[in-house]
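Peer 1: Chain by chain, the residues:
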Amino acid sequence: MLAVIVALMAVPLAAAIASLTAPPRAGAAITVTSGVASFGLVLALVPAAAHRTLGYGSYLRVDAVSVIFMLATGFLYAAVAVYCAGYVRKETEGEEPAAARRYTRRFYALFNLFGWSMLVAPTMNSLALLWIAVEVTTVVSALLVALENTDAAVEAAWKYVLIASAGLGLGLLATIFAYFAGAQVLGQHYDLALSTVLHVGARLPHTPVRLAFMLAVLGYGTKVGLFPVHTWLPDAHSEAPTPVSALLSGSLLAVSFYAILRYFQIATATLGSAFPRDVLLAFGVASLLLASLYLLDQRDLKRLLAYSSVEHMGILAIGVSFGAPVALAGVLLHVLAHAAAKGNAFMGAGVFTVKFDSKQISAQRGAIDLLPWSGPLFLLAVLALSAMPPFGIFRSEFQIVAGGFSSHSYAAAAILVVLVTVAFLGLTASATSMLLRSPRPAAGHTAAPARGEPSVWMVVPVLAGIAVLLVLGLHPPGEITQLISRAVAQLGGAA
Amino acid sequence: MDPVHAPGVYQGAANVIATLMLVLEFGMLRQALIRDQIRLYAAQSALISVLAIVIAADRGLPDLYALAALSAALKVVAVPLVVRRLLGRTGHDEAPGVAGSYTFGVANTVLGSIGLAALGYFCFGALGIHSPVAPAAALAIAGAMVLVAFGLMIVRRDVASQAVGFFSLENAISLAALVVAAGLPLILETAFLFDLLVAVVVFAMLMRAHHARTESLSTADLTRLRG
Chain A
0 MLAVIVALMA VPLAAAIASL TAPPRAGAAI TVTSGVASFG LVLALVPAAA
50 HRTLGYGSYL RVDAVSVIFM LATGFLYAAV AVYCAGYVRK ETEGEEPAAA
100 RRYTRRFYAL FNLFGWSMLV APTMNSLALL WIAVEVTTVV SALLVALENT
150 DAAVEAAWKY VLIASAGLGL GLLATIFAYF AGAQVLGQHY DLALSTVLHV
200 GARLPHTPVR LAFMLAVLGY GTKVGLFPVH TWLPDAHSEA PTPVSALLSG
250 SLLAVSFYAI LRYFQIATAT LGSAFPRDVL LAFGVASLLL ASLYLLDQRD
300 LKRLLAYSSV EHMGILAIGV SFGAPVALAG VLLHVLAHAA AKGNAFMGAG
350 VFTVKFDSKQ ISAQRGAIDL LPWSGPLFLL AVLALSAMPP FGIFRSEFQI
400 VAGGFSSHSY AAAAILVVLV TVAFLGLTAS ATSMLLRSPR PAAGHTAAPA
450 RGEPSVWMVV PVLAGIAVLL VLGLHPPGEI TQLISRAVAQ LGGAA
Chain B
8 MDPVHAPGVY QGAANVIATL MLVLEFGMLR QALIRDQIRL YAAQSALISV
58 LAIVIAADRG LPDLYALAAL SAALKVVAVP LVVRRLLGRT GHDEAPGVAG
108 SYTFGVANTV LGSIGLAALG YFCFGALGIH SPVAPAAALA IAGAMVLVAF
158 GLMIVRRDVA SQAVGFFSLE NAISLAALVV AAGLPLILET AFLFDLLVAV
208 VVFAMLMRAH HARTESLSTA DLTRLRG
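Residue numbers (the numbering used here), protein chains in the order written: chain A, 0 to 494; chain B, 8 to 234.
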């Protein structure tokens, strides 16, 4: 399996370097190949990780929890890579050849580098290297957010890099206090490997572990988009190129949440589960409340989907706070299903933006008539995000709520159901407005857009996403179920 | 009542260096010129290297000599050079948008930051975390520096000061790391420093992009994205 992991680290990195030097058309082919190959490599890890932890020295470790997050990233990286083939061509239409070449090369190089950084982060055994990997995701994605080089994109990128880096400063402090806690048992010189720290978890001093966990939730929570440190998220998601928004929302937030889960494991081993669960519950409820209210009054489609991401990260935090095995299984399934659903929603939003030449919800009318594939597929993505059956998010949220009741967290489970319903209202009201109102010419145009899809490349990956959501909702494959069960046991849900 | 002992030479030196770093943080907070902010940042970074050498010598941690050298090369030389070259290209080394970028005025800013520093000092001090490597007061001072660095990023409304605030936040965390995690393997420390270099380059690129679009370093007009 070491060869698979090394290949997984090498393929997107090689694709990034190749995209920078290859002709623009080759960049698309390289990126699709890299995305599909990376997803295949992650799938190859599933059977092994479902039964054992793969550890290679102090710095590399892949277990069931890691592979679940890598699966989400791997799938989305592959799907969005295919989408990019159509998106980038549309984005550079009508530009000067030299400018189009420059944009295409930079886009594909950074896109592959972004995919690489998010695939590498969950393989890190050392908490210090995990922090570095998450910081690399920040700096690479900040450049992607600024890539359109508009006033709004540069503003969003600056706010993102400043707020996320400052937040990760707290994440670094968390790493240092985790090291200090471990040093009290393991001696002054050790490698801060997660496996080592977990092994001595019960003997670690409480105060530094408590502090490290709080700092990790605040620090990595900045990247997750937890309230009140979520402020960069709607700006960056709305101004980034749409394929990047899909990766930011479906993968990046999850990778940062993965870091919080690792600190949750350590804190639970040292302090017991009550304190870390209470902290996550508070952040989760606050994030869900904020997002569901903001979803009711959004005018920009991508900001709408960005607040939906804050909502879903809040659901993840609440799910972990329930602590029951069924809730943790729901959380891990939610990571996979949210990646597919949010990827689909953003890819649909990208098609709408190209078609209507605007991100404003009010300017996007009659999409169900004008976009014979993307219109209905976007509706399905919104229904999937709203936890409608038979999609994966219905199953995962059902499990989370069931876990809330089984752990006697009745009030929190009830709040979760109410706020998710409010979010559903906001999402569906905007979606129906875009899809069902009769088309009319956009500002500056004399006629409504013609019926038809901008590119077949922008439809095919959405179909794949729907297929994944149906499979996860109706009958998750046995190996995925086994993987999730093992991950739940690793997170302490088996106790 | 326990008798009060005077700190030893090593403890005294570590505390003095940490205190000087905090004083320089306040200097950065109130400086009107970017080039002076960068000089103060370089001086603060040099102090981190000196502290690493002091700890290495007194506590017998040879890795810290290498870390001190790497840190000095990067933070005292490379980072200021990158930022200065960038500002040289923009021609805004002494722009009024920077000199007048205080949100609350200099006096209020400094008074508020003194409050933040006191809060950080006493909160971190109250944690009761004692390291065998460095004195606990240095950790409390690092806590004060973290909050003042956050304050700097918040109250100064220009991209250069905000970037310097982030770099100095990293210095504050380095100080905390020297106190409580001096034994961290050199390879990880090196990776942290490399990561800082990458972050500095990205900050610099975005500062340049911001300046190219607005012909200013001020962030006062970054208000398009709301809601």
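Keep in mind the hints are simulated off the structure, nothing from the lab. Any given hint could turn out to be false.
Stated by the list, open to error - One-sided and incomplete, this derived list gives chain B residues near chain A with beta-carbon spacing under 8 Å: (1) R46; (2) Y109; (3) E177; (4) P192; (5) L213; (6) E222.
Stated by the list, open to error - Some chain A residues flagged as far from chain B (calculated, every beta-carbon gap over 12 Å): (7) L126; (8) A156; (9) L169; (10) L185; (11) V284.
A virtual CB, placed ideally from N, CA and C, is assigned to each residue, including glycine.
Peer 1: Each hint: holds or not?
Peer 2: Hint check:
| no. | hint | result |
| --- | --- | --- |
| 1 | R46 | violated, 22 Å |
| 2 | Y109 | violated, 18 Å |
| 3 | E177 | holds, 7 Å |
| 4 | P192 | holds, 6 Å |
| 5 | L213 | holds, 5 Å |
| 6 | E222 | violated, 12 Å |
| 7 | L126 | violated, 10 Å |
| 8 | A156 | violated, 6 Å |
| 9 | L169 | violated, 8 Å |
| 10 | L185 | violated, 10 Å |
| 11 | V284 | holds, 22 Å |
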